[in-house]
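Asks: The task is to assemble the complex, starting from two chains supplied on their own in separate frames and drawing on the hints.
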Amino acid sequence: MIAPQKKSKPVGAVLVVGGGVGGIQASLDLANAGFKVYLVESSPAIGGNMAMLDKTFPTNDCSLCILSPKLVECGRHLNVTLMTMADVLDLQGESGRFTATIRRRARYIDLERCTGCGVCLEKCPRRYVRHPAHPDEEVPKKTLSAFEWQLRAKSAIARPYAQALPNAPAIDAAMCLKLTKGTCGLCQKACQAGAICYDDKDRIEQIEIGAVILAPGYDQFQPYPKHEYGYSRFPDVVTSMEFERILCASGPFAGHVRCPSDGREPKRIAFLQCVGSRDVACRNGYCSSVCCMYAIKEAVIAREHLKQVDATIFFMDVRAHGKDFDKYYEHARSESRVVFERARVHGVEQDQQTKQLMVKYAPAGGGTAEAAFDMVVLATGLEPSASLRGLAGRLGVNLNDFGFVWTDSLAPLRTSRPGVFVAGVASGPRDIPETVVQASAAASEAGRELARARGTQTRIKQFPPERAVEQETPRVGVLICHCGINIAGVVDVARVAEYAKSLPNVVYTETSLYACSQESQNHISQLIGEHKLNRLVVASCSPRTHEPLFQATLKEIGLNPYLFEMANIRDQCSWIHMDHPAAATAKACDLVRMAVAKVNLAEALHSQPQPVTAKALVIGGGLAGMTAALDIADQGFDVFLVEKEKILGGNLLKLDRTLDGRAPADLAASLAARVRHHPRIALFLNASVKQAAGFVGNFETVLQIGKNTKKTLKHGAVVLATGAQESKPIEYGYGKSERVLTQLDLEKQMRSSAFKVPDNVVMIQCVGSRESDHMYCSRVCCSTAIKNAIRLKQLNPRCQVYILYRDIRTYGLREEYYTRARDLGVQFVRFEVEHKPALAAAGRKINVTVPDELTGSVLNIGADLLVLSARVDANPDNAELGKLFKVPLNAEKFLLEAHVKLRPVDFATEGVFMAGMAHAPKAIEETIAQAQAAAARVGTIISRKEYESEPIIVAVNEDLCDGCGLCVPVCDYGALEIVEVERNGQKKKRVKVTEALCKGCGCCAATCPSGAMEQKGYKTSQIMAMIDAALEESGA
Amino acid sequence: MAAEFKPKVLVFCCNWCSYAGADLAGISRMKIRPEFRVIRSMCSARIDPEFILRAFRRGADGVMVAGCHPGDCHYIGGNYRTRRRMALLKLLLKQFGLHEGRLKLEWVSASEGEKFARVINAFINQVEQLGPSPYRKTDDRQRTPETGRRKLEAGQQTVDDDKSLITDH
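Just so you know, the protein sequences line up as chains A and B, in that order.
Just so you know, the first sequence maps onto residues 1 to 1036 in the working numbering.
Just so you know, the second sequence maps onto residues 1037 to 1205 in the working numbering.
Because the hints were derived from the structure by calculation, they are not lab data.
Just so you know, even glycine gets a beta-carbon here, dropped at the ideal spot from N, CA and C.
Errors might be hidden in some of the hints.
[What the hints assert, rightly or not] A few chain A residues facing chain B, derived, Cβ under 8 Å:
#1 D61
#2 C248
#3 R570
#4 D571
#5 H580
#6 G1002
#7 Q1015
#8 D1028
[To be verified] In silico DMTMM-like pairs for lysine to aspartate or glutamate, Cα to Cα no more than 25 Å straight-line:
#9 A:K886 with B:D1108
#10 B:K1042 with A:E1033
#11 A:K532 with A:E470
#12 B:K1042 with A:D492
#13 A:K9 with A:E208
#14 B:K1042 with A:D579
#15 A:K756 with A:D666
#16 A:K1019 with B:E1086
Chain B on its own, in the form it takes in the complex (with noise of 0.2 Å):
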């Protein structure tokens, strides 16, 4: 039997709002399930649906992005492109073959360490329902450190790789 799906999210906060907010739960020790990593930009905005794409493609179960409420943005109206272009993606995801459930938008204040708990686990939940990314290799599990290294260093390569690939259009 297969092991235990265990679901791989990807998080992106803002730094002025959002990756607060985490800190808080943190600091409020909030209890949140441990299968997420952040990427903290300054900017939602900054989120290109490229980089959404990249971790689907490199086996992301969900995808999150998180921003400070409309109105509050540090940079005036980020956010709001933000939800503008998550919208738009939401749509492309299907065409992917995946389900629009696996990407989700959140404003989560810096005050709000409590939502950025409670969205995160509701978000893992469901991605746990969902099951396994279609885009997911099976074989990841087996990965030892010293392959994971090498696969790195290659993906160091397929980064460059991929910027050729993203303007190549």
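So here's chain A without its partners, still in its complex pose (with noise of 0.2 Å):
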């Protein structure tokens, strides 16, 4: 599988395809390791729909606040060039030398102007809503409600959430009253920054890249056509995505949930499952995977936002697959007291006289029903985007039968091009972390293929020596930032400048009408050389999205960037005190004077970089371990590899074949020749981990080879790829008779040549899993259910299969394997957790008997073969080893990451990451796309020569600190330690730092009572100085 060597070089560049969560994730890990990145995103913002939710399951952050941060790094990345409004329209050459045409698309506004403040948004008077189902027509004003207007109606010029990047807005061209009629011209005129251009044009650029990553993700269903459901028919019928914004705190309606039609609160919600997805009336027979989750964190939400609303969810089956989701599910159902009814919807019809919604349907149990509703909430499904197909078509990949990318399950990151890959939805529908982790893994597919170009065309900003400015008195300089008449529209600035020129050491103060603007920059650059500055304040906006420029600027100058303060006069000030102009203009004075008694007592920070050692190790040889570890050395590093045992292969070697047909034995046995004779991997069989040590770049781990050799090996980066595994049933009377057996034990009789098909099998779902102790789904076996009941039918279809079920959770295209399952004829029967399959000893059979919901009757089948579905149990090592790299498990002892959403295999403790059925139980496309995640995630480590440190991190005063040790348990990152020093001759107790590890929080310096901590950047003389100006009289 290693690219076939190329005469000539390839370009260490490559080219992404989508702005979302995904395409965001492939571009940072491939900057991160020496690539150059263009980021093209089609819409005028990157963020792509997870900016747009609320919530995230099932944790239920805030979406955007976990996902901003990574926006804010990609747009200021040196080694990403972000393309917005732009398409492929072609790509030739072949994979390690490509060349892409792109458009650039018109966007009416210079990005180097614009400010981002916004002025232009509420001038503008043409605001329309688009018919959902013809996007070219305009719904008339008239029909929609005030409500409905404010939630679905957009403006000409617009941007497509309010902390947008870039933050710039777009003119849509075809609504614009400028641009079609000539007339209006109102955003040019409220510009100050002269940002609107009405003469932009399309440009055509051509880029060289050596590999391209999709990431064009998904359309939500456009549930227009079905009447049945009354979407556009009635206005309290939404979209699960509207009801996501109706829920945002920055949505139309602030966050409260109100019905679109006349504003009031409703008192009962409906959600419907299934809209346009397990559908094949309307071509999507796949499930779209993360609708029932969804669906469960709106109506728990809504039910925080609104105590008294009742919220039914009707579904088919709820498909809580995912790591800790049915703990989720289960806490909706008896804690938020979210009602769920298993159906059929057959539609939503508007009762004459109460004007409420009456949902018909059948219930499980049989018969009819309907029951009346406020607000009904369609969980849309996920389908292609609708620009997928011309892309695919210019770009020369293969789709499937229902439009995704279509991609190998055993390679599944790569589509039929050689160099294009592909992440995220658009090959078939995942969830977030599904989504991070699978752009991860394309990006180390494009390292690999690159792996000889790295370095070659990322830069790297050189920066003047730093002025020591230790020894100077601080002569401050404020800036006091216009921002347009966001700031001097409300702020009397000229006022807030001199009354600056009265605060200590402040020498120097101007105002400026964009403080951040390219010329400013320039002019600051200039103030602080002729006047001497060694400290700069600027009162403008936010510092958590300007603080990077200035100090860029500081640095550009020779300044070192933490001696520079930002007073929030905009976002903090003039935009939320409009109405009071002396009172805000009094507080400008203040939060300048509380930045100005900041910075005089600010010092120089600079980060540590510390030597990294370009070698990994991998923990676990099965398919996680051996592709993770391959996918490392084919990126240009030494990788350690350790299995305990004394084959390769790991579960692999246990499985009959996959659910697309392939023989898992085969694979393993590919993968494990690799390993042996791939020159940059050192195998270590038979051995295990006894001692670790070390952090982020500088790991040592003592392994111990068989009964008496040990060996220490270095390295930078280590990946847990350590597995799980089949339990053994308690219930069912398995071990007690040969014709009990689990799904692990029926394909091991399947391989074998004897084996001879039984007349009747009875399988048995969710053995052990989802109840009491063990809260969560195993994932895999439903599909493998299928998979052996199929592989049963074809080998004998006389064969009759039952499949005893909770919920068949064949998530995204798995769902055609039900279809045919199905089809086929094998018999799926529901049973409720309270009323499992009973057994009984029949003479040669097992008499099964189980209720059956559909007749009301009890089902009797006499089993000649009784298949348990066993749980996936975490491996028991896992604990030892979370010991030993410091690192959490979950409840089930399964390795906990960093973030369930945006950091699916990494740990807190950097440099240690996670793959495969050590996370949770998945499937074998999941744990090639998790292991090759991890190898990405440690190129980004091992392939810088230094590990820069944060400069905001923890100080110890050694005089101060008597070695309590009530900081050590407080750092959740492990970075503090006692240790024992010599004073005076004396051994005493004193707090180490390991900086490595150090984040910067600060929780210590809070904890510390001896005042020996201190946080650099937010010392405690520098916050109470700040406290004393705040406190202290404006003098304004």
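Replies: Below is the structure:
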């Protein structure tokens, strides 16, 4: 699988198509591993669908809170070129050397000049609602209620969301009055930055790249043709994404749940599942994978917003197959009191008298029923994005029957065209962490192709040597920004500037129309030189968005970037106190005084570079471990692969075949052969980890090999790929009869030529999963049971197979196999956990009885073979490994990732990663992707010569530290330890900070009773000075 | 008659959630009472109870600490520690003769601009009801910019004094 040696060196640049969370992750992983990235996004901003979400399951994290640091990192990464409103028109060449043609559509906004202040947005008189089914048509305003207008109307100049990156809006040329009729022009008049350019034109560019990653994401199913659910007929029938906006604090109703028809608070909300999914009628025969969970989340959040609201979810199967999803589902049912109604919904009608929405449905127990609701939320499925077919055609990659990008299950990131990879929903429905995993994995694939060109296209910014200012008296410059009229329209900026002159050590003040403009940066550089400034305060907008810009300016002129403070007099002053200009001016003076007080005490801060050992350790020689080791090695790094058994292969050796009929044993053999022959992989069989020490870039691990050998390895990163195992059931007479097997037992028998297909086979699902102490779904069992049922039917069509289940969880494109199994005559019988199947021996058969939901009677099956879909258990070694590498486990002893959504293969401890079933039960293609993702993440660390720790970390004043150790357990990163030191001939205890591990939260500084811990950049003296300054009476 | 009571409220915001929520309140043009001042820290767990006591001693009528929602902390579990510290500090406040309503802990996420506005307005109203802090000096309002400047310089001196005071136990 190594890329064939090419005559010419490949191009060390990658084109990433799509700026959603997948494209962002792939871009960051590649750029951080030494490749140049062109990130092409068709809309005006990156962020994708995730930026539109209110919260994310199963943690109810605020979606934008976790996404926006990645947006900002992507936006200002030196080696990521962001191309928004851009489309790929053509791709010539071959893997390693492509030429892509990109069209950059006119935005009508000059990105260099636009400051993102948003004044233009309010001025635009052209607001409209597009017809849901016909995007070129407008819906007449008079047909909509004020609330519906608020929910659905857009303006001709708009930005996708408030925190969009880039923050500049774009003009919709088809809707703009100036561009269509030559009238209006209000936005241009309002823009003091002169950023509106109506004569903007499309441009065509060509770029040279070595590989392409497709991450164009998805569209939500448009429910208009589904008249039966009443979308677009009844305003109170909304899509799940619209409901997401309704729930969101920054949404149209500011987080108040209201009915779009009249703004009333709903009392009853219905959630209808599988709208545009698992529905052959709309040709979406697949499951969208995420809708069950997002509907549960939306129901839970709705109940949090409106305590009295009834939330009912109408569903076919609850597919809570991800890590910790079942706990969330159970919590929603038992604690949040969300009602789950297993049913098929026929339609939604409006009651003419009450105006309520009547949901008509067939309950699971048969018959028909209807129920009244105020609001109906449609769980619309995920579809390939509308532009995907055209894009795939232009790029020459194949699509599958559903219109998703075709991939091979054993190479899940590769498209039909070599050098072009795919990640995220473009190749099938998946949730955010799976998308992030695939994005990293695709980055690993691209990194393998282009390993020889690493670092050839990237730039390293050079800065002049830093001026030493420690000995100088502070000389503070203060710049007060007008931000056009955003600040100056409310705050008397001249007065603030005048006042600032009176503050300690302030030697220069000035006002600026836009402090963030490029010409302002040049001007600031001049001022620093002219006035010998060694500290700078800019009073303008938020440091969260603009501090890096000013800090870069300081660095470029040789001033340490931490001798800088911002006073946020726009977002947190002029914008929120518009009606109180005098009070806002006084507050601006206070904020400047506080910033000056802090900056006066500022010190130059530096990150500490640590050397990196460019080698990786992979623990576990199963599918995940071998795949990760090969990917890392192919990227050009040395790998130590450790397996405790005498052979490689893990669970692959126990499987008969994959869902799509491939032989796992062949895969295991070919991977093992590559591992053994790879010049960069050192293999240790029969070996386990005894000791581990060190930190990111510099680990030292001791192996026990066989009985008598020990070996110490030095490496820069670790991948834990210790797998999981099928449990031995304690239920249903397992182990007492040879007629009771687990699915793996069955697969073992099926591989034997002596296997005789029995006449009657009963499979029982969720054996040991999803109850009491094991409240999790083992994820693979539904697909496994169906796979084996299909196989039995293929071997002997007369074989009767019954699958007794609680919910069938054939998520994503696996749904096809569920459909095929039913077509082949496999019988599916559902049971409730309270009424499990009962067994009785009956001669040579096992008599299985189970209540039949549909008929209400009891079903009696005489089984020749009983196959149990047993729970997947975590590897018991995880506990020991977790202690050695200081990484956490979840309640079920699976490894616990740093963040369930956005850091699915990382630990909070940097340099340690995970892959495969060690993280949670997962399928073969998911394990491959996760292993490759771990390899990419490893690459971002060991491709660097030096690892730079954060500058804002803690420091210990050893004179004050008495070694009490209170701070040690407070640190969630394990950065602190108590050590013994010699002081004046005496042994004393002191705390030691491992700077590479410290993240700079400052929690320990607040804990220390002696004042010995200091947070750099947020020293106690600095915060105290700010407090004092804040409580001074305003002098303005 | 004394001039109208203008509460002085200090708000500590963590960088990742609450400060971003405060920014969003601005971006969304929420209307918020102008009597509060924000101090940003990386994590709410950086807020030493000492800071809050200092603020009260310098005449703050109310202090709010705002952090990420439980479970959302950018630094894994910092906000849980904040929660414990604030609970303890509330008990202490009474001993200092301060109403416990003068200290408030709030969770504000980066998307909750509206909530930021709401909790700040409610807190300022509440502090207004409680009236001036007993620690506030009555002559505060008569200061001029010049005396303000002198005080600040003196203030820096006190910062250093306080350092020894803090560590002196």
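Asks: Next, verify each hint and record whether it holds.
Replies: To see whether the hints hold, each was checked on the structure:
The restraint placing D61 of chain A at the interface with chain B holds, with a minimum CB-CB distance near 6 Å, inside the 8 Å limit. For C248 of chain A, the interface hint holds, the least distance from its beta-carbon to any beta-carbon of chain B being 6 Å, beneath 8 Å. A distance limit of 8 Å between C-beta atoms decides the matter here; for R570 of chain A the minimum to chain B is near 7 Å, and the interface restraint holds. Taking 8 Å as the C-beta contact cut-off toward chain B, the hint placing D571 of chain A at the interface holds, the least distance being around 3 Å.
The beta carbon of H580 of chain A is positioned within 8 Å of a beta carbon in chain B (closest approach about 5 Å), and the interface hint is therefore held. Annotation: G1002 of chain A was flagged as interfacial toward chain B, and the flag holds, the nearest CB pair being 3 Å apart, inside 8 Å. A cut of 8 Å between beta carbons decides the hint on Q1015 of chain A: the least distance to chain B is about 6 Å, and the hint holds. With a least beta-carbon distance of about 4 Å to chain B, the hint placing D1028 of chain A at the interface is held under the 8 Å criterion.
The suggested pairing of K886 of chain A with D1108 of chain B holds, with an alpha-carbon distance near 21 Å, which does not exceed 25 Å. With a C-alpha separation of about 11 Å, the suggested pair K1042 of chain B and E1033 of chain A falls inside the 25 Å cut-off, and the hint holds. Pair hint K532 of chain A plus E470 of chain A holds up; C-alpha atoms about 14 Å apart against a cutoff of 25 Å. Annotation: proposed proximity of K1042 of chain B to D492 of chain A holds, straight-line Cα distance about 21 Å (limit 25 Å).
For the hint pairing K9 of chain A with E208 of chain A, the CA-to-CA distance comes to about 13 Å; that is within 25 Å, so the pair holds. The hinted pair formed by K1042 of chain B and D579 of chain A meets the criterion: a straight-line CA distance of about 17 Å does not exceed 25 Å. For the hint pairing K756 of chain A with D666 of chain A, the CA-to-CA distance comes to about 24 Å; that is within 25 Å, so the pair holds. Only pairs whose Cα atoms come within 25 Å are accepted, and K1019 of chain A paired with E1086 of chain B is accepted, the gap being roughly 13 Å.
Of the numbered hints given earlier, the model fails none.
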